[in-house]
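Trainee: Sequence:
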Amino acid sequence: MQSSISESVLDWYDKFGRKNLPWKVDDPYKIWISEIMLQQTQVQTVIPYYLKFIKKYPDIKSLSKASLDDLLLIWSGLGYYTRIKNIHAASQIISNHYNDMFPKSFDEILMLPGIGRTTASAISTFSGFSNRAILDGNVKRILLRFFNINDTYAKSELDKILWKKSEFITPPKRTSDFIQGLMDLGATVCKRTQPDCLICPIKKCGCLYEPDIKQKKDIKKTIKKISTLLTVIINQHNQVYLEKITTGKLWLGLFSSPTFNSQSLKNNWMLNNNLVHLDPMYESSFTHRVTNKIYHFNVQYYFLKNDKKVSLSTKNWYNLSDINVGLPRYLDKALTIYRSKHEKDNV
DNA sequence: GACTCGTGGGT
DNA sequence: TACCCAAGAGT
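Be aware that the first sequence starts at 2, since it is given in the numbering used here, and climbs by one per residue.
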């Protein structure tokens, strides 16, 4: 007689589950913020961002008063910036239409921007408003292995099958603990690499996974290499010149030193701003990977003395020791290089 | 349905 | 190194 998956997962969760995560609280607002942060982002990365975010914006009311620029600043470095734009939009909806109370019904939660089926299920179930299955990366991996599902389906069809399976194994009682336990199991036992099948609580439930059988590999995707000129300008007040990114979708709304795809475009910009007389203090280069692209940044650092010929806007300068706008990680890297060189120069 | 969106970590 | 994946959703 095989034990049921739900009982086994719940027993295991009671003993080994991650119950001290900071978003294990009775507040749908905080659960919402954590669930958005956790999309495609590992727990250890999220924790410091979550703590800082909740400290500054402890409820819907404080959040709904924040500007998008404020929110991009606190999200800076976490990635997938559309998430925080959606949080901002959702906060306005909740403030205007739900009287600053996070909605309780699954359908209302699902309507909010940035919230799909898994996130809506997680928020409403963890909040005690519903008892729904989820289908995140952990649950997908567990189901694929447990039921030995062939990876020959089209993606949409596979998702349908996996959702059915997830609903099938998800119990109507203690649903919150079950879906949390399932994710914990995926993260700590049924891992992507080197799964610990010997200690797995649902092995005895009829798991069909055989770790020794090699899985077929996906088709390799080509990685684009992109070369970019990054122009870091520092003035005599230890301020850096930054512009808001307004083109494309990547890093849209964050702030950066000017970037150029070619030397001639950079030359034109230098000419238009009366900067051609400047020589770089030094140069550096580094790479920054973005999913299927690798940016190779060639950085030139300029020092600008008080120079009235220069036509850069006076509004675009930010104190290096306290930059109060959101930056992409690549600019952090570039500024870290500057700071380390600057400190050496002062020794 | 394929593609995009960031960054950190693992192999 | 080059590639994969992580509490996915939107276009």
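Honestly, I wouldn't trust all of these hints.
[Said to hold, decoys possible] Taking lysine-lysine pairs in the DSS-like style, the calculated list, with each CA pair at most 25 Å apart, reads:
id	residue 1	residue 2
1	K161	K225
2	K222	K267
3	K166	K267
4	K334	K306
5	K174	K204
6	K53	K245
7	K250	K16
8	K226	K165
9	K250	K225
10	K226	K166
11	K20	K53
12	K204	K166
13	K174	K105
14	K156	K53
15	K16	K225
16	K204	K267
17	K310	K334
18	K161	K192
19	K57	K86
20	K16	K53
21	K245	K204
22	K267	K306
23	K156	K174
24	K204	K226
[To be verified] Have a look at the derived ranges for each label pair, beta carbon to beta carbon:
id	residue 1	residue 2	range
25	Q195	H278	36 to 42 Å
26	P281	C198	52 to 58 Å
27	N239	H278	49 to 55 Å
28	N275	H238	17 to 23 Å
In short, the hints are calculated from the structure, not lab data.
Yeah, the Cβ is synthetic: ideal placement off N, Cα and C, and Gly gets one too.
Trainee: Now, for every hint given, state plainly whether the structure supports it.
Mentor: To see whether the hints hold, each was checked on the structure:
no.	hint	result
1	K161 with K225	violated, 32 Å
2	K222 with K267	violated, 31 Å
3	K166 with K267	violated, 55 Å
4	K334 with K306	holds, 24 Å
5	K174 with K204	holds, 22 Å
6	K53 with K245	holds, 24 Å
7	K250 with K16	violated, 45 Å
8	K226 with K165	violated, 40 Å
9	K250 with K225	holds, 17 Å
10	K226 with K166	violated, 40 Å
11	K20 with K53	holds, 20 Å
12	K204 with K166	holds, 17 Å
13	K174 with K105	holds, 18 Å
14	K156 with K53	violated, 37 Å
15	K16 with K225	violated, 46 Å
16	K204 with K267	violated, 60 Å
17	K310 with K334	violated, 30 Å
18	K161 with K192	holds, 23 Å
19	K57 with K86	holds, 17 Å
20	K16 with K53	violated, 30 Å
21	K245 with K204	violated, 53 Å
22	K267 with K306	holds, 20 Å
23	K156 with K174	violated, 30 Å
24	K204 with K226	violated, 44 Å
25	Q195 with H278: 36 to 42 Å	violated, 58 Å
26	P281 with C198: 52 to 58 Å	holds, 56 Å
27	N239 with H278: 49 to 55 Å	violated, 22 Å
28	N275 with H238: 17 to 23 Å	holds, 19 Å
Hints 1, 2, 3, 7, 8, 10, 14, 15, 16, 17, 20, 21, 23, 24, 25 and 27 from the earlier list are contradicted by this structure; the remaining hints agree with it.
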